[in-house]
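K.L.:
Got chain A sorted already, so can you dock chain B onto it with the hints?
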Amino acid sequence: MRNVLVWVSGSGVVQGVIIGAALAFLTAIIIMNLVGRRITTTVNGWSAIRQCGQPGNGILVRAACAKALPVVNVFEEAAYWTTAKDASRQALSGRHEYSLHFPAGELPPSDAFWSLTPTDVAGYMVNNPTHRNSVGDRSNLAKNVDGSIDVYLLPTSPGEHQQNWLPTPSGAFKLILRAYLPGAAILNGSYRLPPVVRAQ
Amino acid sequence: MNRLIMKYAYPMTAVILAIFVWVIYRRISHGWSDVVVLAMAAGIAYALGVPAILYLWPRLGVSGYKRAILKRGLGDGPIPINTLYAVPSTSSPGVPGGSLMATGADDLLYIGGWLDLRKGPQGSARARNGRAVLQRAVHRPGEEFQFCLRRQTHHGNQSRRLCSQRSRLDGNRTERDDSDFVTMRVRTRTWASLRRQWR
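Keeping their order, the protein sequence lines are chains A and B. Per this note's numbering, the very first residue in the first sequence carries number 318; after that it's consecutive. Per this note's numbering, the very first residue in the second sequence carries number 3; after that it's consecutive.
Read the hints as simulated data drawn from the structure, not as lab findings. We put the CB at the ideal spot given by N, CA and C, even for glycine. It cannot be assumed that every hint is accurate.
Computed, partial: chain B to chain A, Cβ under 7 Å [to be verified]: (1) Val25; (2) Tyr48; (3) Gly77.
Okay, chain A solo, but in the shape it has when bound (with noise of 0.2 Å):
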């Protein structure tokens, strides 16, 4: 017995089964994120995904959405939209300065409520002096005069927008819009949220 402790411990076997099963987590990783992207809807820089919390779904859309979206709601009850990047494609960043500008009456439409929240790129929230971590559709977001809406996304106050302004955080950050129990455009795919523009 002690024999084969030895030949095993000196063998290989060992540093092979860690190295095979740290290289099957890599792969398992690198191919619910290729699922996860495949599932994945992309409109204006916005991404979501529909497909998760289906009975129906499959081991790899399984894997991809508790990899995803942990123990997420059903599209239908809570629509969730990320982005990282603005228009340009370039990734959102504290340096910048961003407005989001919804034309009149395409808010985006709910049964319930929607808010707009940034947070690090792992998906934290920061703190900032003013304690404002989201705007939504209790936020009483002013109006322009052709009845739409801009929303001010930069670390410091933009002054005479105060009202419509989401401080980010200072380094990379990234979006997160809800909706939740989403309107019917959302559900069928026609309502698109603007994308995220950086001021010049």
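P.N.:
Then chain B, alone, in the frame of chain A:
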């Protein structure tokens, strides 16, 4: 820890792969015959590991949530089975240690718990002071159900009732699906309205 892993995934992967390369290089330096056993063991572990990880990933995630709920709770100690716990504050970036409560939306009150319906529908679950009580849950596929909670005060009085939307369990669920992770979200405007909802 989770935050660190998510943030530094690529450098950590690079370090691990570099260690593997070093190990293989050391083996090769002792002769190619030393690598054969290692390669075979690695190949078998890899071939079995990939499908196993893909299959088990969702289950491991749910098990992790179950363990966390039953043993650690959501900030106020363990949450017993069939008890739903209402987190007394909204998510915020100010929570220590980068916990899960810094990842949600700051305008929602989260409610969570683990239901075990192996003994059939639960009429109500035993209340603990300060906890929400599950009033009714039906788990037969196709049947309409609704979760209703009562917030029990520290004096043992029950106060305002809060019900989820009426919903219907999917017909594809089987009788084996008898244990559920339940989350609820209550929209809250302000701290004042939050206190009103739960007192």
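K.L.:
Compare the structure with each hint and give your call.
P.N.:
Results for each hint:
no.	hint	verdict
1	Val25	holds, 6 Å
2	Tyr48	holds, 4 Å
3	Gly77	violated, 16 Å
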